[in-house]
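**Q** From these two lone chains plus the hints, build me the complex, please.
Those protein sequences? They're chains A and B, same order as listed. First residue of the first sequence? That's 1 in full-length UniProt numbering, and the numbers climb one at a time after it. First residue of the second sequence? That's 1 in full-length UniProt numbering, and the numbers climb one at a time after it.
Treat the hints as calculated values from the structure; they're not laboratory data. Being a predicted model, the structure only gives us computed values, none of them experimental. Take the hints with a grain of salt, since some may be wrong.
Claimed, not checked - Cβ pair distances, simulated, as ranges:
#, chain 1, residue 1, chain 2, residue 2, range
1, B, S38, A, L28, 56 to 64 Å
2, A, T72, B, D502, 49 to 57 Å
3, B, G376, A, D81, 56 to 64 Å
4, B, D502, A, H76, 55 to 63 Å
5, A, L74, B, A268, 47 to 55 Å
6, A, P147, B, G376, 33 to 41 Å
We put the beta carbon where it would ideally sit given N, CA and C, even for glycine.
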Amino acid sequence: MRPVVRQVAVRLGGALLVVWGAASCAFLVLQLVPGDPVRAVVGANALVDAGQREEIRHHYGLDRPLPVQYVTYLGHLLTGDLGDSYQLQQPVSGVLAQQLRPTAELALYATLLAVLLAVVVTVATSGRARWPRRLSAVVELVVVSTPSFWLGIMLLTLFSFRLGWLPVSDSGDVRSLVLPVITLALPIAAVLTQVMREGLLDALRSPFVLTARARGLTEPAVRSRHALRHAALPALTLAGWFTGTLLSGAVVVENVFARSGIGRVTLQAVTSRDLPLVQGVVALSAVVFVAVGTVVELLCLAVDPRLRGATGVKAA
Amino acid sequence: MQLRRTVRRAALLSALVLAAVPACSAGGSSSAGGAPHSGGSLVYATNQEPDCWDPHTSAQDITAFVQRPVFDSLVYQAPNGDLEPWLAEKWTIGDGGRSYVFTLRRGVTFHDGTPVDAAAVKANLDHITARSTRSQYAAGLLGPYRDTTVKSRYVVEVRFTRPYAPFLQAAGTTYLGIESPASLKAGADKLCAGTTAVGSGPFKAASYVRGQQRGYTRNAAYAWAPSGAGHSGPARLSSFTIRFITEDATRVGALTSGQVDAAAEPPAQQIGTVKRDARLSVVSKDVPGAVDAFYLNTRSTLFSDIRVRRAFQHAVDLDTVVRSVFQGTASRAWSALSPTTPHSYDASLKNSWPYDPKLAARLLDQAGWTGRDSQGYRTKNGRTLTVVAPVYGEPSLFSQAVQGSLKKAGIELDLAASTDATEVSTLLDKGKYDLVETSWARADGDILGHFFLSSQTSEGGGHNFSRLADPQVDTWLEQAEAAQDPEAREAAYAKVQRRTIDQAVVVPAYVVRSTVGVNKRVHGLRLGISAWPEFYPAWVEAR
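In isolation and in its complexed conformation, chain B is listed as follows (with noise of 0.2 Å):
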């Protein structure tokens, strides 16, 4: 649910384009300065402006990000990946895994002062599916959803077709978070334009004008915060602003000069600046969910050979490439999902399977690849070694720099490079291409069943671009969804991690890592599970 944020915008196809702006982040930055101190206020700079601000329709990261401080969730999931009681005080799962039974703490009232009860849970799952929403996201969260029953004023059960394990996490992200049902009515389009957000959270959505920034104000009244959150009772910060300013250099200077107190992605080529100066800090995190890799049809014509896919596999020099490309922003990845991704990463692939152009070159030979062209590439049968790749937009950086890294092996790469998204996600859904490069934040190892399970092909709305048809990782897979004890979840989906490496099915590149520099006199400006920062906990030196 991170990277979601530029990866939507073109799609998924600009998931193809892989320079995909890495999610914001806040490690934490609170060190010394003195007790915490209530009051102030500060501004934060982001690289990008919602389109639509209702998370319940909205797929984008950056909505997630801003609404998050005025809504709240039925559940929290802390940095660490725990789940923790919310605006539910506890639940009970039933019915082998298809019922969740919400007990609402008591007290809790929206901005506008009417209560958060059992009838405004319902009143939001119903919003989130109903079809007027035209929701992106939150109702695909939802997966096997059936229906939602007040069971009496604060109990609330929600019922799913099939055992749905995913669903706490998802109930712990802002696109399943809750707002006021009055404000609901207001319609799709109200909602939307981000003037009319009511919700529980710790601040209250002020003033916003669109292109330059969102106010926020503290709800005096909050008293619901999670254990996790790090603080407990109404916000420090009296108030705080979200300034927009998509130019990078802009967006930094105005970090370096004071005139914002934190800024998110300044471009890797600043991040030094930005550590130099002794006003500022920087603090950043690896987003969770699936990292940025190369999914290779398994069915095309020439990766339908195992043999070929992993000399590509090994062909890479990743290592290299994503240090010289990244400069530190960025991580090598081992495995499909990221390291920050709670109870599910499997860390026993580091390593597994390093860059060894040897082996990639007698793959390739045994294949039958032994020809070579004039400008290098490898051929067969009179057919040149080229690997289709499609791009929306520009080729990135990155893909340009794996291109050259295969040029050495023989293998031509085609950044098959276009900006028209239809035209590329026809050749999605026709699974004419040899590999997608893509990635997508979410804080939960299912996002591994879009990508893995058989039924998710890209013209029903997965994304499941190896085309993979493996029985056995959709065995693992649907174990998981099932399965409430995280230890069978975690070891079901280490097993397709592995599985999904040993077939060569994915060559995972790079885990992106989300930034943010910080002026030392804001504290406590630290990064939730999503790796996007969290304003409830943080607080400001007096000026």
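For reference, chain A alone in the conformation it holds in the complex (with noise of 0.2 Å):
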């Protein structure tokens, strides 16, 4: 078991260097922003004196040099201490944590639908007719190039706005669920599509599927036991990007269909320059997309018994 602990230490030293990464780049680009950052914590509508503005200095620890800022930012950070926000004047990790779930929420069923709509897809347009291809691929085209803005708007136009299906944002109605999910998860869904169509039509034409054929298994079968398998793999590597866009997504969908969340915060925090909360964001972020690594290279394993040579399970 000795290299399987090496192994995790490996891993985790490395997701501690790319969160600390991330940490310290957060730190240092809002460093770089010229001028006094009192400023920032009042904005200009604001009625403030002298003695005001000293009081906010040292109450984020703006009077301290900046390897000291540094350090003690860092030793919080170790500590899940993200800081004060300085526009909502709350703890940043409360705030985040309080925001985590709704967010959570949406991205969890995006991806459900997302994964479930590309291989359904998938499986239904890679046979030998070639005309549902096309049909699909022009609506991927379509679905991958339309801002979710605009999408998001024209689904609640259409279903809560004219048919009044569903509700048009969150009141604590599962029904308000429904359209952000969908708008998450189809420009998703249609890459997905895209890629995993490619590979399952590669692997459709690998001399196992002749075998799997030659057994006497359904169509069906052939290529969702056994060629899926193949096309899953490409699709996996895509993780990254996928974490990044249901984030980014969730900025927009969060705003168009006014749900609590991650996104909303975000947004909030950028237009009022709330850098203790921009920062806190930024770690979070990086938090997600090492946690989303080490569940795709595990998912990796599970999907490719080739790949699982070192724990003596042989290759197929």
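**A** Below is the structure:
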């Protein structure tokens, strides 16, 4: 088991390095902004005298030397303390923790829907007939090229404003998840489908497929049970892109559909120059990316037995 | 205090953006619909969500708006600007305007059951002025504040270091709202989080989900409404909800599809749609305070010449620009103050400085700007007539339209856009600009002092962007601040408005209008003094 421990340690170390790098970048970039950060805290339409300015400077530790601020920042980061938001005047970790659930919920359902759609469409359109593939390719192209902002508004206009089937914004109703999830999932599903079909068609030309067919397996079984695994690998490697799309998509979707979540506070933080909150979002995103990366590596092992060589499982 | 909402985000800088979204409003949508009906609820969609929910700390208009139903104030400023007793049943002003003694109404209780007494008022003023509150606006509203003394159970004295007449109006704002002393002990982070607001208002704060909505439930014990509130006793609505829908299209769609009962700030191009809808109506009101205006830097090389300032004043075709950009959602301004600013607007300025390109050309010729460069801009000794205007973020459609209008007069408006707030504020502090465009909502002429008193420099946290140091203007503004007689104050403010136009220190541009689209099942949702909706007198028809 030794090598396993080492592997885990290496991976953990790498993960920490990534998070540290992202946090340091966020810290440094924000230091490059010239001028007095107290200005960013109070904004310009405030009536604040010099004494209050000093109080603010001291409260956020802005009166200390930069290296000290950096070390303090990293130290706090280790304990999960992301500092106090300039504008919300609350601990950043608390704000993010509170907003994590709605975003996670949205991302989870969007992922499930995207994968489901991609698999179904891939399997359905990779037969001998060419026309389903062509039709699907056109639809995919249109969906991928549609800004999700516009897509969201169109879905709202049709299903909420006109038909009245679904509520416009989140008011605690489960139905309010439907449109946001579809808006977030569609572009992802379209890209996944393109990649997976490419892989599936390649796999279907392989000799093992001929063997499987010769054994008398039905066409759907061949496609979904054997060839799809091969198609899934290239799709899995897109996980980084996938995560990024979910996070950035959440900013758009949460604002269009007036949902709470990380995307909503991110936009608010950026517009109001809430630097600690922006730093917190960067650190959180780094952690999410690292976590997703690890999960995907494990998934690859599950999908492709050939990668499990070291674990003693024979290559297929 | 209204409009500040947008402005403050980008800080005053955002003021520079001009694009400031107007505050909401409510003029009063009641008409037919039978007798007022008690019970029921409504959903109001607003386009902004407060950062910090404590009006003692926050400078945002939206914070004042969302907490108004929860926090009462010592005095009430009616929509016509009159000040009326509220938590204070009467007051006397002594010591030459340095002392305000309030006698509180008895029998008033906070939502937590504790009484509203002199000690509670003192606790609030102490909280506002405490350094640890980091007040961004409320403490500033208190001006030359000295201290507060409890005289007896229901009598409290607030003292200032110099006569300070604007205090009563300030005391009527939500920023100086009276919160339960017990809730104040929760600390800034809890108060800012918006989940612990306890006041004495007609509605109690209910659940709040950031990014989504805030609920309100009726305070059944409410019996201390001011006489001008349009209703008395407990509120008619048994509850209501404010939903935060920042996306314009979503908010308007929610209104037109009946999913919300009222929605703030429909975009200009959608107001027509809302008006044509038989189930909807639109209420609007001009936001009081300092209108959106160009403050010309009287000490810049360019604008230290009054002829150039006057030329600028007459060179912009404001009527056309305001009409085409705002399509009726804002009107052209003639004074630095909005017409809805109580007891201070000088109406005689109307039409006194019309668009006059010939006059502008003559003035520029006299000032020596006689040459022309290849693009048609005027030049003098090889220098182009360029007006530098720092802009935070993207230049608004309006400032771009003004740019186009000025080009015809041979003036180049350089909208020095920067997304860096600190960079822009450094420019402002150092006076490295020719003009600043901004606005500031407040229902009192005292706002003029923030823009024209020689002591209100940008470095010192003031907004004297014209860098004006006119002893005559200073004297009038100080007189107004010290005078208790509303007519004397009005006369002094009128002089300041006329002088600043005559000297072309400021070029007022447009009056921001607050607009709310309202479903006709809602009645009595009126726009208060600050042009934000007041929920207390509102009622809804049963569905």
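**Q** Confirm or reject each hint.
**A** Checked hints:
For S38(B) paired with L28(A), a C-beta distance near 59 Å keeps the hint of 56 to 64 Å intact. Taken as a hint, the range 49 to 57 Å holds for the pair T72(A) and D502(B), whose Cβ atoms sit roughly 55 Å apart. Remark: the range hint 56 to 64 Å for G376(B) to D81(A) is upheld by a beta-carbon distance near 59 Å. Between D502(B) and H76(A) the CB atoms are about 56 Å apart, so this pair conforms to the stated range of 55 to 63 Å.
Taken as a hint, the range 47 to 55 Å holds for the pair L74(A) and A268(B), whose Cβ atoms sit roughly 48 Å apart. About 38 Å separates the C-beta atoms of P147(A) and G376(B), a value consistent with the hinted range of 33 to 41 Å.
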